[in-house]
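Number of protein chains: 2
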Amino acid sequence: MMNRRDAIKTWLSLVAGGTTLGFADQPKPESPTDLVAPPPEHEAMHAMPRGWLGNETIGILMYPKFTALDLFGPHHIFISMAGAKVLLVAKTPDPVATDTGVKIQPTTTFADCPEKLSILFVPGGTTGTLEAALDKDTREFVADRGEKAEWVTSVCTGSLILGAAGLLEGYQATSHWMTRDSLKEFGAVPVNRRVVVDRNRVTGAGVTSGLDFALQLLKDIRGKDYAETVQLFSEYDPRPPLDCGTPEKAPKEMLKLLEDMFAPFGKQVTEMAREVRAARAN
Amino acid sequence: MMNRRDAIKTWLSLVAGGTTLGFADQPKPESPTDLVAPPPEHEAMHAMPRGWLGNETIGILMYPKFTALDLFGPHHIFISMAGAKVLLVAKTPDPVATDTGVKIQPTTTFADCPEKLSILFVPGGTTGTLEAALDKDTREFVADRGEKAEWVTSVCTGSLILGAAGLLEGYQATSHWMTRDSLKEFGAVPVNRRVVVDRNRVTGAGVTSGLDFALQLLKDIRGKDYAETVQLFSEYDPRPPLDCGTPEKAPKEMLKLLEDMFAPFGKQVTEMAREVRAARAN
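In the order they appear, the protein sequences are chains A and B.
Residues in the first sequence are numbered from 37 upward in steps of one, following the working numbering.
Residues in the second sequence are numbered from 37 upward in steps of one, following the working numbering.
Hints are computed from structural coordinates only; laboratory data are not their basis.
Positions of the beta carbon are idealized from the N, C-alpha and C atoms, including for glycine.
Errors might be hidden in some of the hints.
[To be verified] Stretches of chain B that chain A covers, calculated by requiring three or more beta carbons in the stretch to come under 8 Å of a beta carbon on chain A:
no.: 1; stretch: 146 to 160
no.: 2; stretch: 263 to 274
no.: 3; stretch: 280 to 289
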């Protein structure tokens, strides 16, 4: 087994070199599904310590009006996994517009997505998320790949889609604080924690939890050393200039107002859950 | 002046309603540059307390091989500024590929970008960042809009582009820890802090500093209440599962190796700075 020095060096040449830094003379990805996959015959593959080089296939769901940051936090961490393929999977090959209208090109369609994913990851959103959960094709795709995946994961309201696909029944899970309790609609057990791991289900809280979520998952998959190196590389040492990031920390008045404003959305979630159950019963 | 309750309610109907939640029946953006601008005649505009509704124009630079998370952290905060236009500005109207190959559609070209920006924001990257700094059109665009902008800002190695454009001379600034000292090449004073504010220059450290950076800027522009509401809405209460996010916290061996690996990149930065100085002298 190579020593730690060589391991990190090889890792960097694969991850940083292959994607970000361009140190290594790696072939450029030719097809979209080759994104950041290192050359399979790379000499380092035989010398790498167990766990430092993998061959995961990570499928990230994109759907109209998802929230960009829900995706790009975890994506930044996933892409650091040397040897992994990271796919942006959408129903059609067309660019997908986020909830703020930014158009992003998927790499893979539902039809082209590998059957067996190492990680299925679903980002959140609001009305777009409900629409995705109500879309039969999307729900069936998530249910199918989720049942076969090694890890079934989400950030923010993405867990509502996992729930609608029947993947959270009997599992502890979380969501954006505003929709956390709605997870009960899908037979899940809501937990007030930033990242909830229950067997192979890993769910993150609202939007910005994506980095904590993905680092936790990376630690579980690739080990502590690997995750620490990625954390240092990403300079992830958060220092929020304010301390109002949870309902418990917020002024009561502000919280009450946000809750009141979101009440209609909560009702829409309940309605979605009812429709999904009805569709499944038929 | 309306009370706090009405203010938050109005804010939500504009921000959450207009972009994320779809509560309000706002017209959908028709041209790309209309992204999330509320209707100018919205009745709330006259009733909003000072600072809760603005009309900022925010220009975010996109260039080949930028790092997606550098952009989408701050973008998530900027987009919450009711009344602001958030533009993704690139040299040409074509989709821009990030350093991991994700293609993202800009909204605005250099030629179409308003002269006077409230915020100019530049994300980082690695080889792509050096290439952007060496590109005369990009450098001149950044220099021109930066000289006229109210706030000149960056995250990660984005500060190298600001520096190359001559915008950091005599300013305190920061960058990814690996390139922070290189800011001296551009006459800046490197500071080891997650977010550095010097007059109207606001720079963030590596990649993940984007949220801390943007919340700080939001607080300075829209005030504490506004920034806290956005923080709660984004559930920004980070809980990294590991504690290795800075050189000071990392094992010495890991740090030394990363530094060694990055030494060639540091030389490329020095070379870039020399070329830029030579170009300016001619």
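Tested hints:
1. 146 to 160: Coverage by chain A is violated for the stretch 146 to 160 of chain B (0 residues, Cβ < 8 Å).
2. 263 to 274: The restraint on the stretch 263 to 274 of chain B holds, since 11 of its residues have a Cβ under 8 Å from chain A and three suffice.
3. 280 to 289: holds (count 8)
Of the numbered hints stated above, the single one contradicted by the structure is hint 1.
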